[in-house]
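Let the sequences and hints guide you as you build the complete structure.
Note that the protein sequences, when read in sequence, are chains A and B. If you read the first sequence in our numbering, its first letter stands for residue 11, the second for the next number, and so on. If you read the second sequence in our numbering, its first letter stands for residue 22, the second for the next number, and so on.
These aren't lab readings, by the way, just hints derived from the structure by calculation. Bear in mind that the values here come from a model prediction, so they are computed numbers and not experimental data. Glycine included, C-beta positions come from ideal geometry on N, C-alpha and C. Each hint can be trusted.
So the derived label-pair ranges between C-beta atoms look like this: (1) A:I32 to B:G104: 12 to 22 Å; (2) A:Q621 to B:P141: 45 to 55 Å; (3) A:P517 to B:A23: 54 to 64 Å; (4) A:P517 to B:E147: 38 to 48 Å; (5) A:S137 to B:P141: 42 to 52 Å; (6) B:A175 to A:D698: 36 to 46 Å; (7) B:G104 to A:K603: 30 to 40 Å.
Below, simulated SDA-like cross-link-like pairs (lysine to any residue); rule was C-alpha separation at most 20 Å, straight line: (8) B:K24 to A:G83; (9) A:K520 to B:E116; (10) B:K103 to B:L75; (11) A:K298 to A:P82; (12) B:K170 to A:R30; (13) A:K555 to A:R584; (14) A:K327 to A:E216; (15) A:K520 to A:V604; (16) B:K103 to A:L37; (17) B:K24 to A:A138; (18) B:K170 to A:M709.
The lines below spell out each chain.
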Amino acid sequence: MAENGTNGPSGTNGGYVGTRTIRPDGLDKVTGRARFGADYNLPGQLIGRVLRSPHPHARIVRIDTSKAEALPGVKAVITRDDFADQSSEFIPAGEMLMNYKDVVRNVMAREKALYEGHAVAAVAATSAAIARRALKLIDVTYEVLPHVIDVVEAMRPDAPLLHDDLFTAGVEPKPEKPSNIAKRIEIVLGDIEAGFKKADVIVEREFKTAAVHQGYIEPHAALASVSEDGSTELWCCTQGHFIVRAHCARLLGLDIAKIRVTASEIGGGFGGKTVVYLEPLAIALSRKAKRPVKMVMSREEVFKSSGPTSGATVKVKMGATKDGKFVAGFAELKYQAGAFQGSPVQPGVMCAYAPYDMENVKVIGYDVVSNRPKVAAYRAPGAPISEYAVESVVDEIAKKLGLDPIELRMMNAAREGTKAAYGPKFGPIGLEETLNSIKKTEHWNTPLRKWQGRGVASGFWFNIGGETCASLTINEDGTVSLMVGTPDIGGLRAALTNIAADELGIPYEKVRPIIGDTGSLGFTFLTGGSRSAFSGSMAIVEAAKQIKAELCARACKLWEAKPDQVEFSNGAVRPLGELAEKIKPMTIADFAKVAGKTGGPIGGYGRINAQGAGPSLGTHLVDLEVDPETGRVTILRYTVAQDAGKALHPAYVEGQFQGGAVQGIGWALNEEYIYGADGKLQNAGFLDYRMPVASDVPMIDAIVVEVANPKHPYGVRGVGETPIVPPLGAIANAMEAATGIRFTELPMSPPKVLKALKERSAGGMGAISRPPL
Amino acid sequence: MAKHHIEATVNGDDVEFLCETEETLLDVLRDTLHLTGSKEGCASGDCGACSVMLDGRLVCSCLVLGCEVSGRRVETIEGMAKGESLHPLQQQFLEHAALQCGICTPGFIVAGKALLERNPNPTETEIRYWLAGNLCRCTGYDKIVSAVKDAAVAMRKG
Ligand code: FES
Ligand code: FES
Chain A
11 MAENGTNGPS GTNGGYVGTR TIRPDGLDKV TGRARFGADY NLPGQLIGRV LRSPHPHARI
71 VRIDTSKAEA LPGVKAVITR DDFADQSSEF IPAGEMLMNY KDVVRNVMAR EKALYEGHAV
131 AAVAATSAAI ARRALKLIDV TYEVLPHVID VVEAMRPDAP LLHDDLFTAG VEPKPEKPSN
191 IAKRIEIVLG DIEAGFKKAD VIVEREFKTA AVHQGYIEPH AALASVSEDG STELWCCTQG
251 HFIVRAHCAR LLGLDIAKIR VTASEIGGGF GGKTVVYLEP LAIALSRKAK RPVKMVMSRE
311 EVFKSSGPTS GATVKVKMGA TKDGKFVAGF AELKYQAGAF QGSPVQPGVM CAYAPYDMEN
371 VKVIGYDVVS NRPKVAAYRA PGAPISEYAV ESVVDEIAKK LGLDPIELRM MNAAREGTKA
431 AYGPKFGPIG LEETLNSIKK TEHWNTPLRK WQGRGVASGF WFNIGGETCA SLTINEDGTV
491 SLMVGTPDIG GLRAALTNIA ADELGIPYEK VRPIIGDTGS LGFTFLTGGS RSAFSGSMAI
551 VEAAKQIKAE LCARACKLWE AKPDQVEFSN GAVRPLGELA EKIKPMTIAD FAKVAGKTGG
611 PIGGYGRINA QGAGPSLGTH LVDLEVDPET GRVTILRYTV AQDAGKALHP AYVEGQFQGG
671 AVQGIGWALN EEYIYGADGK LQNAGFLDYR MPVASDVPMI DAIVVEVANP KHPYGVRGVG
731 ETPIVPPLGA IANAMEAATG IRFTELPMSP PKVLKALKER SAGGMGAISR PPL
Chain B
22 MAKHHIEATV NGDDVEFLCE TEETLLDVLR DTLHLTGSKE GCASGDCGAC SVMLDGRLVC
82 SCLVLGCEVS GRRVETIEGM AKGESLHPLQ QQFLEHAALQ CGICTPGFIV AGKALLERNP
142 NPTETEIRYW LAGNLCRCTG YDKIVSAVKD AAVAMRKG
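In structure tokens form, the structure reads like this:
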């Protein structure tokens, strides 16, 4: 269902772009042949295991590893002493910032253990059983400290302090005392006080969301082999092996050139595999043991020790005139960062009101540490939380004014030329188109029954570009090797092969894509930020341009022609004008055959810093039914409409929409990190951390809207992140429609729903509820 | 303690291996027999990534001990394609783009095969409940369900 289709400007004769080709790596993945993180092994390898803190907050007084080291079969033990301390310096990590001073402490606790599951030591042994036994022999003396889990409690002046050198940044004057508030940020557009004065209706609400995990099915895994001279090979499942290389070089004091990282196939990441956990430990153990070391996390470790995303508390106050124009928006966001600063509150602040054209906006954000695992990026990091709160309030305004929620959004939608509160003026964007497509669906127009409700919400994500390399090599037989440095998490190879085949005018099957290791290409930023198809395709267009120019130059020599007498089209260099009568075109395969005689190997190498990533906006529509007896919510029907700019491979674009929607359903209805009073995580497994299964969800209708991104040669926008933004709001709005209760806390799990229904029948909840329809 | 000596058939081949008492069938398949197509997502029976057939019954191989398969018949993802030709489920997963990262795919295909063997014409609801023991975090299940439906059609046509 593509709308406003665009065509690539050059070499699109093959016409693969926009079609549902079979992914080149698919065969290996349906036969079990594909090698993921835990599938790599080396002769002589040892098994590494991590000892983790049982306490949420404790000073590490002493670590005695002598008994573990003495156990036969143990070849290396590492602790904080095996990592040099790092100075404080913030560097970009995906869409977030990180600090090596914190990273070195997160991969291995130093002064203190800051959350349950924090790594304290690691061993490498000849078998997993011996490694496990060795962990029990490590004697750690802890001085247990009071802990704090909740974000609001962590902000109190008397809260247990995680870092005594953490002073809130972004406030004047600089605070005299350290606190758990790492940072305060603020964006302001116009004057909200003046805006609220113009409002006929003002809605103010406070929301709470729980920490949720990315939930990739493949646990983290790494296999490292370090030789005597420090040359290091590493295989791991990561969203960015160049980033892993950079982090490991820094943490272990190695030259970047000495480390070669190969990204395995990756079993999901969603942002959670943009940071390092096991990788530096495996290298440190291998360096000590002089043997390869393999490490794989258990599911419990994934939950307790790898990054979820923030839970948060969000206040929103919005004002509108009686005909529906939004005149002012205020929000205050408090995001959990986990044990170290760096929550996604910055993008949360920037995205909160981004879907709307508003003159007066003020958003304040706090980045708050507490005794939880350090958060990592999760699909549109930070945005689902703030946009959920705003979309809920937008829905209430629509109800108060008696306006259709799609019309209200349409009236206020950001469009080309709108100045976003976070700074830029938007180019062409597709929010209105997604609202229109939703409005036209049969879904929007079907009637519902009692206890059923329909909700709608929109969502925004920026998207990024960044440093990217791609190479195209013409082989001796005219086939093409395509190499990029971004791991393929969801059909990237298929999308990029479509582009390469079209650019070169050759059959799809003649292009073989591979993900190159860090020794094979220049620095390439990770797969994340919805950047890999966007920037990879730009680098391929550049590489193809070089090949076409080279072939034309060779043809000129062979044919003794001038540059304007030849042209590359449809897979061949073609003579033009009168030359065309004498000379036959030469295909890529023809050139390949005589490459040795005409100037040597033929290839192109795109090295770009991709700019101009266009934001992607989407609108979701959901029907659900509430069971008043159990509080269970069933999703009945779901439709996603999102702007892809141009879908290189529509099936994998739809896949992003559908997968993001279902992750959002989990976030809205069931998923949450549950802590006991002891500061320990109580649901560190898939049984109790309840992600959606097939029987929980319906088919997810996907409408691919295409409003071309003028900054990309084919019009592409990133699509991966936006789909997780609207579901939380859409479902909360549908819950209100079904029950008359405005739920302000996620997840809306059965116990909470039941409690709210009971409170209402007991006459509680006041203005926030109305009787069910 | 001494290891156990076990004889079994895996994908039609006779195999023998040594395993410790606490080793699971999944450990044996992956680490001893080097059949890494079955994946470990949880080791607790909650994700289905390790799905295999044991004497024609669908099981989570992380919940079966290596010792328990003595004299029994194990079928894994590696045994599903016959020569050049893919199983219809494998083919439909490819054509429907029913995999994104692909880590869950072997488990879904093995579980899907078990479903179609006992119910050649399942409804969408039947497919969804049968596959409820397999987690996929990438696809939202939509294309997986369609792939299983179409594989059923292809298999009924023979
Ligand atoms: S690994 Fe066996 S069910 Fe998850
Ligand atoms: S395709 Fe990634 S978990 Fe299913």
